[in-house]
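J.: Chain H is already provided as a structure; the job is to place chain Y on it using the hints.
2 protein chains.
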Amino acid sequence: MNVEFMNPFLTATINVLKTMCFTDVTAGKPYIKKDKISCGDVSGVVGITGPPNGSMSLTFNKDCIIQIVSNMLGESFKDINDDIKDAVGELSNMISGTARNDLGNNGYSFKTSIPTVVSGPKHEIRHMCKAPTIAIPFTTSGGSFVVEISFEG
Amino acid sequence: MNVEFMNPFLTATINVLKTMCFTDVTAGKPYIKKDKISCGDVSGVVGITGPPNGSMSLTFNKDCIIQIVSNMLGESFKDINDDIKDAVGELSNMISGTARNDLGNNGYSFKTSIPTVVSGPKHEIRHMCKAPTIAIPFTTSGGSFVVEISFEG
Chain H
9 MNVEFMNPFL TATINVLKTM CFTDVTAGKP YIKKDKISCG DVSGVVGITG
59 PPNGSMSLTF NKDCIIQIVS NMLGESFKDI NDDIKDAVGE LSNMISGTAR
109 NDLGNNGYSF KTSIPTVVSG PKHEIRHMCK APTIAIPFTT SGGSFVVEIS
159 FEG
Chain Y
9 MNVEFMNPFL TATINVLKTM CFTDVTAGKP YIKKDKISCG DVSGVVGITG
59 PPNGSMSLTF NKDCIIQIVS NMLGESFKDI NDDIKDAVGE LSNMISGTAR
109 NDLGNNGYSF KTSIPTVVSG PKHEIRHMCK APTIAIPFTT SGGSFVVEIS
159 FEG
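First to last, the protein sequences are chains H and Y.
Position one of the first sequence corresponds to residue 9 (my numbering), numbered consecutively onward.
Position one of the second sequence corresponds to residue 9 (my numbering), numbered consecutively onward.
Extracted from the complex, chain H is given alone in its bound form (with noise of 0.2 Å):
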């Protein structure tokens, strides 16, 4: 995968989460996804085209989540309920609209799908791509979570 495409991500991570939902986030270092599975109860996911194709997606934990979207709404939730579960796609669509219009001032044409949303408890999220998926991990006062890209060539 270009590594060149994995900047975007990170910053519209950091940038939306700061400004639809009030919340800091910290990247940790990301990392070349090999046996380490990420596991989570609430997942978004934009399938990307280009060429090359893509996938993106976004994994919570409960608790993580839960602050975040009760931050951007202003509302205290206390369970992974419908709202928390059409934030997680609005997410999806913004962070990923975001870095697909980053990489498109640096020269490389994609689209992006309709995110899907992904709920239930420990689930495993897997793109199944041969080249290597990025993973990179991000902390909040709530709980962590992760950001995957996987690009094919």
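It is possible that part of the hints are untrue.
One copy or any two copies: either way a pair holds, since identical chains are not told apart in the list.
[What the hints assert, rightly or not] Taking lysine to aspartate or glutamate pairs in the EDC-like style, the calculated list, with each CA pair at most 16 Å apart, reads:
| hint | residue 1 | residue 2 |
| --- | --- | --- |
| 1 | Lys119 | Glu160 |
| 2 | Lys138 | Asp90 |
| 3 | Lys42 | Asp94 |
| 4 | Lys70 | Glu132 |
Derived from the structure by calculation, the hints contain no laboratory data.
T.: Using the frame of chain H, we list chain Y on its own:
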């Protein structure tokens, strides 16, 4: 959603399962997914870009996918392991690719992303599109699965 988009996914599912997995599947009556939530144990998700943009998912229960992949690979599986997850990615790729080509022959130009595979007991998939999601239920001798497609506008 343009109903013309549905049939290519329906026939691609039947044909791919028949030719690649030696598995006969019967399509049930497609329905608009409203309150009805599809839950499963392993899913493949593919992003679609047009316009219109969209997404497709295949969601299998455990017994159903174990029988399908056992047929496909000529090996007997007992649980959802990496081989099964890889096969769900492959099937998602083949079904979306076949449907995309079929739509292309009818003048619709779509691209499809690399698939993402979700695993975890009883997870739920939601396509985050304002337009209705169409679900097509299928049955096999090993159990049932559902194909969902969603397109904006």
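J.: A separate judgement is required for each hint: does it hold in the structure or not?
T.: Hint check:
no.	hint	result
1	Lys119 to Glu160	both (15 Å within a copy, 14 Å between copies)
2	Lys138 to Asp90	between (34 Å within a copy, 14 Å between copies)
3	Lys42 to Asp94	between (30 Å within a copy, 15 Å between copies)
4	Lys70 to Glu132	both (14 Å within a copy, 15 Å between copies)
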